[in-house]
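If you want the building blocks of each chain, they are given just below.
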Amino acid sequence: SVQAHKEVENPQKTMEVNGLMPLPDSYDYDLIVIGGGSGGLAAAKEAAKYEKKVMVLDFVTPTPQGNSWGLGGTCVNVGCIPKKLMHQAALLGQALQDSRKFGWQFTEEVKHNWMTMTESVQNYIGSLNWGYRVALRDKKVTYENAYGEFVGPHTIKATNKKGVEKLYTAERFIIATGERPRYLGIPGDKEYCISSDDLFSLPYCPGRTLVVGASYVALECAGFLAGLGLDVTVMVRSILLRGFDQDMANRIGEYMKEHGVNFIREFVPIKVERVEEGTPGILKVTAKSTTGDQIIEVEYDTVLLAIGRDPCTRKIGLDKVGVNINEKTGKIPVNDEEQTNVPYIYAVGDILQDKLELTPVAIQAGRLLVRRLYAGATTKCDYLNVPTTVFTPLEYGACGYSEETAVEKFGEENIEVYHNHFWPLEWTVPSRDNNKCYAKIICNIQDNERVIGFHVLGPNAGEVTQGFAAAIKCGLTKEQLDSTVGIHPICAEV
Amino acid sequence: MGWEERQVRGYPEFVRTAQSYHGRPIFALFCGDKDAEGKSWCPDCVTAEPVIRKELHNLPDESVFIYCLVGDRAYWKDPNNEFRRNLKLTGVPTLLKYGTPQKLVEEECFKSELVRMLFTED
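Residue numbers (full-length UniProt numbering), protein chains in the order written: chain V, 1 to 494; chain E, 1 to 122.
Hints may contain errors.
Okay, the calculated beta carbon distance ranges per label pair [to be verified]:
| id | chain 1 | residue 1 | chain 2 | residue 2 | range |
| --- | --- | --- | --- | --- | --- |
| 1 | V | Lys162 | E | Gln19 | 31 to 39 Å |
| 2 | V | Lys162 | E | Lys54 | 51 to 59 Å |
| 3 | E | Asp78 | V | Phe102 | 31 to 39 Å |
Taking lysine-lysine and the DSS-like style, the derived pairs with C-alpha atoms no more than 30 Å apart in a straight line are [to be verified]:
| id | chain 1 | residue 1 | chain 2 | residue 2 |
| --- | --- | --- | --- | --- |
| 4 | V | Lys84 | E | Lys88 |
| 5 | V | Lys166 | E | Lys111 |
| 6 | V | Lys52 | E | Lys111 |
| 7 | V | Lys331 | V | Lys161 |
| 8 | E | Lys39 | V | Lys84 |
| 9 | E | Lys54 | V | Lys140 |
| 10 | V | Lys84 | V | Lys331 |
| 11 | V | Lys111 | V | Lys101 |
| 12 | E | Lys97 | V | Lys162 |
| 13 | V | Lys140 | E | Lys88 |
| 14 | V | Lys166 | V | Lys331 |
| 15 | V | Lys49 | E | Lys111 |
| 16 | E | Lys111 | E | Lys77 |
| 17 | E | Lys97 | V | Lys139 |
| 18 | V | Lys49 | E | Lys54 |
| 19 | V | Lys315 | V | Lys53 |
Selected chain V positions facing chain E (in silico; Cβ < 7 Å) [said to hold, decoys possible]:
| id | residue |
| --- | --- |
| 20 | Asn123 |
| 21 | Ser127 |
| 22 | Trp130 |
| 23 | Gly188 |
Please keep in mind that the hints were generated in silico from the structure rather than gathered at the bench.
Here the structure is a predicted model, which is why all the values come from computation and not from measurement.
Even for Gly, the Cβ is constructed at its ideal location relative to N, Cα and C.
Looking at chain V on its own, in the form it has when it is part of the complex (with noise of 0.2 Å):
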C-alpha cells in the first residue's frame, strides 16, 4: 500500500493543511491493537488464526523510578505472575517452618535472600516476553514496541522510543491499553515511593515497607512481603477490599493482623520525606487521621503506593476520532459487543467500564470479539459469576454474589447462607489456626435455592474455587451441592 510506513514530522499540521484527512482506499492492516497484554495478545493471535493482516503496538512508559518491562502486559510482568510467585516463596517459608512438626530437621536458622527469588522471577518472566515474540513473529502477527495514539480517522501514529514517528492505517482497532498505578499527588509520592511497577523487579530488598492502600493488590503485597520476614504496615483510609463481601475482608484482615502485618486504620498520608540515602535508605511518612486532626510520623524503608489504577486512555488520541470515554474515570464503555460509539473501533481489558478487571476476562473478550469480527461467530463474552481469588497468606476464593449486594438486589428474606469453619487436616500437625478457615454459600430460596455466591477462605482457593465456579455456572443448586458425596480428607468437601 502506497500509504505504508510514512514518517511524518508534524502529521497535526498536515491535517490541518489538508482539512479532513482522507481515507485511504484500502488500509496497511486488517487490525491494529494497541496495548500488547492479556487482552490485547489474545486478540491479536486469534485474528491472525484467521489470515487476518494484523499488528500490535507495545509500549511501557517507564515508572517514576525509571522502570519498564518487555511484551505481555501487567500480568506478565508487574502482576499476577510475579504476585503468584513471591507469594509462593512466603507460603515455602510456612512450610519449611511446618516441616519441623512433621520430622524434617534442619539446624540452620531459615533466612530469605530478596536478590535469589527476584532474578528468578524475572528470568521466568523474560521467558514469557520471550515466548510472546516468537509466537507473535511465528503467526506474522507485526509487532512494533512503540506507542499508539490516533491522529485521524482509521489512522494510528506510533513513535518508538528513539521518537521516531510513523503512521499506519487499518480496518479495525481494539484499544486494549490496560492501566497504571495510581499515585497520591502528595509532596514526594513519585520520588520516593514505589508502586507495583518496581516491586517485582526491586533490585534490592525493601526491608521495613509502609503499604499505603487497602486493594487486593495492597494486600497480597503486604502479605508476602511479611511472609518472607519483613516488618511490613498497612495504612488504610477506610474499609478493606471495596467491593468484595466484607465479611470475608475483614477476616482477612484479621488474619494478617495476628500474624505479624501491622495495620495504621483511619489515616491517609500527605507528605513523604527522605531522612536517608541508600537502597533502600529511609523515609519519613507524614499521615493524617481521616477522623479527627490527628497527626502521625513514621519511618520507614520502603512505602508501596497501592491506592488503584488508571487507565491508559487520556493521551492516546481518543478525542481525535470521537471515541467516548467516562471523563472521571478514564475508562470507556462499550455495548456487549466491546464495541466503543465508533463502530470500528472495540476495546478489551481493564479499561472497559463496569466490567471485571482480570487477566482471564481479557483473553476471552479479546477472542471471542475477534471470532464475531472475522469467523461469523456470535458468541459474546459472559461477564456473570467469573470466579476470582485474592493470595493474601490466607487465600480467598469467590464466584458470585457477596453477602451484600446478594441482600440489596434481593432482599435478605430471600437469600440463605450456609457456612462453616474448617481445620485443614495439613494444619493440624503443626498447630496451625485452627478456627480461620471458613467458606459459605450464598442462595436464592426464591429459585430453588440456586447457589448465587461462592466464598472460601483458606489454602488454595484458588483450586477450590475454579470447579465450583463451572457448577455455578450450570445453575448448581444447595441439594445438589448436599447430593454431592466429598472428597476425604481435603478442604473443598466442607
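Could you slot chain E onto chain V? The hints should help.
Same frame as chain V, but now just chain E:
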C-alpha cells in the same frame, strides 16, 4: 569488527569458551555429534544448521557464535547430562543468546524469521 565463530565439543569446553568472551554478545547452537561423514545423529540438527548459517551475516558486530557439539545420542538422552542440568537445555538443536532467556528450540530453529529475530532484536 564483525562477528566470529568458535567450534567446541562437550560442556567443559563450551563453558571455558563462553567465559573467555565475557562482555560480548554470545550466541550458541547446540547440536548432536557428527559422524565421520559429517552427519549428525540428530535429524532436526541436520535440517536446522543450514537455515541458521544462512542468517549468521545478521549477527551484531563484536558478537561470538559458538557452535557446540553436545555428545553422542546416549549422552544426550541421559536426563542428568550437564547441558540439561546446568544450561537447562531441553532439546537439540537449541539456538540461544547466552545469559538471556531468549532461545529457539527444535522446529523453531527451522524458521529463518525467528532466527533473524533472535540475532537482530533486543
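Taking the hints in turn, this is what the structure says about them:
Between V/Lys162 and E/Gln19 the beta carbon distance is about 33 Å. The supplied range of 31 to 39 Å therefore holds. Between V/Lys162 and E/Lys54 the beta carbons are some 29 Å apart, a value that contradicts the proposed interval 51 to 59 Å. Hint check: E/Asp78 to V/Phe102, Cβ distance near 34 Å, so the stated range 31 to 39 Å holds. Using a Cα cut-off of 30 Å, the hinted pair V/Lys84 and E/Lys88 holds, with the two alpha carbons roughly 23 Å apart.
Proximity of V/Lys166 to E/Lys111 is assessed by CA-CA distance (about 28 Å); at most 30 Å being required, the pair is judged to hold. Proposed proximity of V/Lys52 and E/Lys111 is supported: the alpha carbons are some 21 Å apart, at most 30 Å. About 26 Å separates the Cα atoms of V/Lys331 and V/Lys161, which keeps this hinted pair within 30 Å; it holds. A hinted pair counts as satisfied when its Cα atoms are at most 30 Å apart, and E/Lys39 with V/Lys84 does not qualify at roughly 46 Å.
Only pairs whose Cα atoms come within 30 Å are accepted, and E/Lys54 paired with V/Lys140 is accepted, the gap being roughly 21 Å. Simply put, V/Lys84 and V/Lys331 have alpha-carbon atoms about 27 Å apart, close enough for the 30 Å limit, and the pair holds. Restraint check: the Cα-Cα separation between V/Lys111 and V/Lys101 comes to about 19 Å, which is no more than 30 Å; the hinted pair holds. Taking the CA atoms of E/Lys97 and V/Lys162, the gap is near 24 Å; set against the 30 Å cutoff, the hint holds.
At most 30 Å may separate the alpha-carbon atoms for a hinted pair to count; V/Lys140 and E/Lys88 meet this at roughly 28 Å. Taking the CA atoms of V/Lys166 and V/Lys331, the gap is about 27 Å. The hint holds against a cut of 30 Å. With a C-alpha separation of about 18 Å, the suggested pair V/Lys49 and E/Lys111 falls inside the 30 Å cut-off, and the hint holds. Distance hint between E/Lys111 and E/Lys77 is fulfilled; the C-alpha atoms sit about 25 Å from each other, no more than 30 Å.
For the hint linking E/Lys97 to V/Lys139, the alpha-carbon distance of about 22 Å falls within 30 Å, and the restraint holds. Proximity of V/Lys49 to E/Lys54 is assessed by CA-CA distance (about 29 Å); at most 30 Å being required, the pair is judged to hold. Using a Cα cut-off of 30 Å, the hinted pair V/Lys315 and V/Lys53 holds, with the two alpha carbons roughly 26 Å apart. At a threshold of 7 Å, the smallest CB-CB gap from V/Asn123 to chain E is about 6 Å, leaving the interface hint in force.
A distance limit of 7 Å between C-beta atoms decides the matter here; for V/Ser127 the minimum to chain E is near 4 Å, and the interface restraint holds. Checking V/Trp130 against chain E by beta carbon gives a least distance of about 5 Å; that is within 7 Å, so the hint holds. Nearest Cβ of chain E to the Cβ of V/Gly188: about 34 Å, over the 7 Å cut. The hint is violated.
When each numbered hint is compared with the structure, violations occur for hints 2, 8 and 23.
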